[in-house]
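There are 2 protein chains.
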Amino acid sequence: MLRQGLYVVRGLYRDGLKLIRLAGQQSFNRAHLPASYCHQPIGVRALTMSSWPFSSKPRDYSLPNESWSPEMQKLYDHYNALCEVEEEGEKKRGAWWRLPSYNRTLKYATGGRCLSKLLQAKARLFTRNIEEPGAGFEYVVFLNKPEKSCVCVFQAGHLLEGPPGHVHGGAIATMIDSVTGTLATYLSGPVMTANLNMNYRSPIPLGSVVLVHCALEKVEGRKTFISCRVTSSDRAKLHTDATGLFLTINVGHLFGA
Amino acid sequence: MLRQGLYVVRGLYRDGLKLIRLAGQQSFNRAHLPASYCHQPIGVRALTMSSWPFSSKPRDYSLPNESWSPEMQKLYDHYNALCEVEEEGEKKRGAWWRLPSYNRTLKYATGGRCLSKLLQAKARLFTRNIEEPGAGFEYVVFLNKPEKSCVCVFQAGHLLEGPPGHVHGGAIATMIDSVTGTLATYLSGPVMTANLNMNYRSPIPLGSVVLVHCALEKVEGRKTFISCRVTSSDRAKLHTDATGLFLTINVGHLFGA
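Those protein sequences? They're chains P and E, same order as listed. Heads up: the first sequence is residues 1 to 257, going by UniProt numbering. Heads up: the second sequence is residues 1 to 257, going by UniProt numbering.
Simulated from the structure, these hints should not be mistaken for laboratory data. Any given hint might turn out to be false.
Unchecked claim - Beta-carbon label-pair distances, calculated as ranges:
#1 E/Glu147 with P/Leu238: 46 to 56 Å
#2 E/Glu66 with P/Arg222: 34 to 44 Å
#3 P/Glu220 with E/Glu131: 41 to 51 Å
As the list claims (entries may be wrong) - Quick look at which bits of chain P chain E covers, simulated, 3 or more residues with Cβ under 8 Å:
#4 152-160
#5 169-176
#6 182-195
#7 222-234
For every residue, glycine included, the Cβ atom is placed at its ideal position computed from N, Cα and C.
From just these sequences and the hints, can you work out the full model?
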């Protein structure tokens, strides 16, 4: 049901609870921005690149850390390289964008004062609530705007166990909800999950690296339909397939605004 | 995709990797057992009540702790009272059973030696991987055997955030997978999730207490169909409804046995 706080925050800002668009869907059309911006896409960029108002930048969990396996790093490098292309000696943005990821963007976006009254100050994004590198969800999402699709490289840590030695179905559902929802948000603005339908085909061993591929199926009014396939890193084995239905919302209603 | 390690362990035990039934489905028919046993149901009881072979008993996460809200405690007390009935001055088992819950049953069940070679020694059940009381999933499952149903009292901690101030859809999916799967396991033996289909109707505020009601729909060969409704604690508001399909498995295949 999530949309990563990161994206929802695009709609939130005020003395307390005013709605503005820190970075709206028009962010997709910034053809004039230099190629290096592909590493700081949408929403967050508006905060980080110019006038970050707080003492320190939050940790971007989508960047490599020492827990990443060589396989995870290799896949990261592969997609990250696609974020830049060289044309006539100049580096330009490619079709892919790496999406940064934080454990609580709202805290940073508002300075935390008003929202800490409204929300618990200790709240953390579910997928980023474990600080120990490699213990929980290690993942990075790359968006392909022209194709209206994305891929997530996901390494499942030892705290995600369900069946002995394998990843919990709820942890797989969490990644599917997060990645399909992220794509829906980029395509349709702030959304909430309305339906998730998942077929578990083959269990995922703890510690392994898988790919979560998502693609837009269709948009009908407020409804955005996303399909999803979780495969082995070489794409040969299908672990889970799923569909997600997302409804466009006015995020203000979450706060009674 | 999980079946809590607790239940899967029913099928696992040997020098290394032999399959036996520590407590099988016949556990349902222990009418001769005293009422007090309803607090130590199936599987674990076989380990804990007679010859617990290790130095200390593991923590049972389904028992009340200081983080539980008065509402959570009240619901616990309500269902726990139904686990015992008094007839002619004697206490007997009621229709309900409280299910204990551990963060890694296999570790305890085998002494950890063989399985630690096979699995990561640090692995923890996804729903019990946070030690801080109240921060993650606080829940307790009560099983109603005659009705082939169960109810889970669930208090959502601040580390389960998805939309600002609300529970992540993946965390809700995790509870649904866990509770439907637990019921399927009690009815059909070790199972794996084959399909989960969830409709998110209304977001769940962080910190609130909800009920997860599950009931058997039908059994067809290896397939067990479970329905599920996540409601407010007074049952007035429907947050999520879902169906789960589970396939009976031989747990040995998870280990290549």
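Cross-check of the supplied hints:
1. E/Glu147 with P/Leu238: 46 to 56 Å: 37 Å, violated
2. E/Glu66 with P/Arg222: 34 to 44 Å: 43 Å, holds
3. P/Glu220 with E/Glu131: 41 to 51 Å: 45 Å, holds
4. 152-160: holds (count 3)
5. 169-176: Held - the stretch 169-176 of chain P has 8 residues with a Cβ nearer than 8 Å to chain E, which meets the minimum of three.
6. 182-195: Three-residue rule met by the stretch 182-195 of chain P, so holds; n is 4.
7. 222-234: It is violated: at least three residues are needed, and the stretch 222-234 of chain P offers just 0 whose Cβ sits closer than 8 Å to chain E.
Comparing the model with each earlier hint shows violations of hints 1 and 7; every other hint is respected.
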